[in-house]
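Taken in order, these protein sequences are the chains called B and P. According to numbering that gives the first Met the number 0, the residues represented by the first sequence are 0 to 260, in order. According to numbering that gives the first Met the number 0, the residues represented by the second sequence are 0 to 286, in order.
These aren't lab readings, by the way, just hints derived from the structure by calculation. For clarity, every value in this text was computed on a predicted model and none was experimentally measured. No residue lacks a Cβ here, since even glycine has one placed at the ideal position from N, Cα and C. One thing to keep in mind: the hints can contain errors.
Said to hold, decoys possible - Estimated spans, in silico, between C-beta atoms of each pair:
#, chain 1, residue 1, chain 2, residue 2, range
1, B, G64, P, R281, 12 to 22 Å
2, B, G142, P, V9, 35 to 45 Å
3, P, P123, B, G64, 48 to 58 Å
4, B, G46, P, V6, 53 to 63 Å
5, P, V15, B, G142, 26 to 36 Å
6, P, V6, B, R177, 29 to 39 Å
7, B, K135, P, R276, 20 to 30 Å
8, B, G168, P, R176, 25 to 35 Å
9, B, G168, P, L11, 49 to 59 Å
10, P, W124, B, D171, 48 to 58 Å
11, B, G46, P, L183, 21 to 31 Å
12, B, K135, P, G180, 18 to 28 Å
13, P, A273, B, K135, 38 to 48 Å
Said to hold, decoys possible - Sample of chain P residues with no beta-carbon within 10 Å of chain B, all distances over it, derived:
#, residue
14, I16
15, L99
16, A127
17, A191
18, L197
19, M199
20, A261
Unchecked claim - One-sided and incomplete, this derived list gives chain P residues near chain B with beta-carbon spacing under 10 Å:
#, residue
21, Y189
22, N190
23, Q195
24, L200
25, P203
26, V206
27, S245
28, Y247
29, Q249
30, I253
31, R281
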Amino acid sequence: MEAAPAVIEARHLNLTFPTDDGPVHALKDVDLTVAPGDFISFIGPSGCGKTTLLRCIAALETPTGGSLTVRGMTADAARRARSYGYVFQAAGLYPWRTIAGNIRLPLEIMGYPKAEQAERVQAVLDLVELGQFGRKFPWQLSGGMQQRASIARALAFDAEILLMDEPFGALDEIVRDRLNEELLRLWQRTGKTIAFVTHSIPEAVYLSTRIVVMSPRPGRITKVIESPLPRVRPLDIRDSPEFIRIAHEVREGLHEGHGHD
Amino acid sequence: MSRVLPVLTVLLAILVIWYAAAVMLNRAWVLDQAARAGSEVGFSQMLRETMAQDRPVLPAPHQVAKGLWDGVAGQKITSKRSLVWHAGVTLSATLAGFALGTAAGLLLAIGIVHSRAMDMSVMPWAIASQTIPILAIAPMVIVVLASLGIKGLLPKALIAAYLSFFPVLVGMVKGLRAPDGMQLDLLRTYNASQGQSLRMLRLPSSVPYLFASLKVGIAAALVGTIVAELPAGATAGLGARLLSGSYYGQTVQIWAALFAAAILAAVLVMLIGAVERVTLSRMGFSR
Chain B
0 MEAAPAVIEA
10 RHLNLTFPTD
20 DGPVHALKDV
30 DLTVAPGDFI
40 SFIGPSGCGK
50 TTLLRCIAAL
60 ETPTGGSLTV
70 RGMTADAARR
80 ARSYGYVFQA
90 AGLYPWRTIA
100 GNIRLPLEIM
110 GYPKAEQAER
120 VQAVLDLVEL
130 GQFGRKFPWQ
140 LSGGMQQRAS
150 IARALAFDAE
160 ILLMDEPFGA
170 LDEIVRDRLN
180 EELLRLWQRT
190 GKTIAFVTHS
200 IPEAVYLSTR
210 IVVMSPRPGR
220 ITKVIESPLP
230 RVRPLDIRDS
240 PEFIRIAHEV
250 REGLHEGHGH
260 D
Chain P
0 MSRVLPVLTV
10 LLAILVIWYA
20 AAVMLNRAWV
30 LDQAARAGSE
40 VGFSQMLRET
50 MAQDRPVLPA
60 PHQVAKGLWD
70 GVAGQKITSK
80 RSLVWHAGVT
90 LSATLAGFAL
100 GTAAGLLLAI
110 GIVHSRAMDM
120 SVMPWAIASQ
130 TIPILAIAPM
140 VIVVLASLGI
150 KGLLPKALIA
160 AYLSFFPVLV
170 GMVKGLRAPD
180 GMQLDLLRTY
190 NASQGQSLRM
200 LRLPSSVPYL
210 FASLKVGIAA
220 ALVGTIVAEL
230 PAGATAGLGA
240 RLLSGSYYGQ
250 TVQIWAALFA
260 AAILAAVLVM
270 LIGAVERVTL
280 SRMGFSR
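Use the sequences and the hints to build the structure in full.
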């Protein structure tokens, strides 16, 4: 593990926002190393900086201190090199484009040739099991299907990293379970490095190879839990003692974080 | 039926009030005529005479309707007494000015959204431009341009554009800023250029705002054109028709021209409304 060059590496990362009530420490002394192929989850209560950390990795926020490299580059250089696909909490599909048209959006922006665009769109549509829905418009699809389409959009240009900010937070539990299962299969098939923000303990434990527990004021990492679960995980692994033990460990981590308040 | 009934009720109320007002306002002339002739008029005779004058203070609705009908259907379309011909003259300048104004409003809005300097400098001037009474500057513009040899459609179109660019500017500044932070962030993750963001996100997002602005803009363009037709002895257009009507005390002609202008405005706004409905539903906005 140590030998592989890190995909994401943060050292003493700090981010403070100036506000009217003085500076707010959104991130304090965050150290993090993500290896290729990791599925890493950030979990914590709101205000713990989990989304801010993801946005720093995506160069949508600029840290005020420390160092952060993504694929050996600065975060902003990595963004310009189109190193990652980003999935937001809302699908955010354009209503005036078909599903295929929405997935084509990044490819058009990045200037892929027309024929390759069509190929890639069909490939990722099949990957998220929306192969038949390319010609539909977003309003014709359910919320879960729309979110799958937005994942396909993030996968279309085959970036090495997938950054996901509570992508299933707005969906009901049944749909969320199915999408979690599909996401795991997708991760195994593509071998991508995934960073995933969530506030659900079962979701974090089910998906991740590593779970990063964070706590607020100031936003910081309080615990990193390595998951001993195998990479191939059926849904009923969630009833295994191993799973319950890790979930318990995460819950304790969250409580400890709160103890500092 | 439930939609027609309220409209008919309001229409009926307007007609009743209008007839009553016509009687009140035109009565003085009837009484005056009778006094000069040394005769008395009964109530029913007075009623009849208030509604059949050549130059009433306020023509009764049926007189206006007849004037409108004569102007539209009673003349050859190429005749200078045809309201259709005059409306056509006004319409061409209105459309030209509307196109100019929309283009100007659109370009300024794009500039304002992309440049902080333009945001700070252009907007106050745009607002100031609309506080100047159009009646005050229209004659000056017409006269100045005429002295430069520019006559006909262009000066009128410029006045129309002057009025119609503003709603488009205000609506499009709002529309181009309509995409939320998440949508802009998404394009940032693709490292999209400003031009790509404009073309693929900001312009499509602004379409509902554009149509709302266009409806206000085209009505403003029509008003601008009619105002521009008033000065400098224009002989063609609904504005000229209004003016010559008021020169010769032809109140029926004035009201007929007024109604022609109102109908023209309504048709233009309805046309844009129809295009709006189709476009927005095809773009998936109305779902």
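Taking the hints in turn, this is what the structure says about them:
no. : hint                          : in the structure
1   : B:G64 <-> P:R281: 12 to 22 Å  : violated (50 Å)
2   : B:G142 <-> P:V9: 35 to 45 Å   : holds (44 Å)
3   : P:P123 <-> B:G64: 48 to 58 Å  : violated (41 Å)
4   : B:G46 <-> P:V6: 53 to 63 Å    : holds (55 Å)
5   : P:V15 <-> B:G142: 26 to 36 Å  : violated (55 Å)
6   : P:V6 <-> B:R177: 29 to 39 Å   : violated (52 Å)
7   : B:K135 <-> P:R276: 20 to 30 Å : holds (22 Å)
8   : B:G168 <-> P:R176: 25 to 35 Å : holds (27 Å)
9   : B:G168 <-> P:L11: 49 to 59 Å  : holds (57 Å)
10  : P:W124 <-> B:D171: 48 to 58 Å : holds (52 Å)
11  : B:G46 <-> P:L183: 21 to 31 Å  : holds (23 Å)
12  : B:K135 <-> P:G180: 18 to 28 Å : holds (27 Å)
13  : P:A273 <-> B:K135: 38 to 48 Å : violated (26 Å)
14  : I16                           : holds (46 Å)
15  : L99                           : holds (27 Å)
16  : A127                          : holds (34 Å)
17  : A191                          : violated (5 Å)
18  : L197                          : holds (12 Å)
19  : M199                          : violated (7 Å)
20  : A261                          : holds (35 Å)
21  : Y189                          : holds (5 Å)
22  : N190                          : holds (5 Å)
23  : Q195                          : holds (5 Å)
24  : L200                          : holds (8 Å)
25  : P203                          : holds (5 Å)
26  : V206                          : holds (8 Å)
27  : S245                          : violated (49 Å)
28  : Y247                          : violated (54 Å)
29  : Q249                          : violated (52 Å)
30  : I253                          : violated (46 Å)
31  : R281                          : holds (8 Å)
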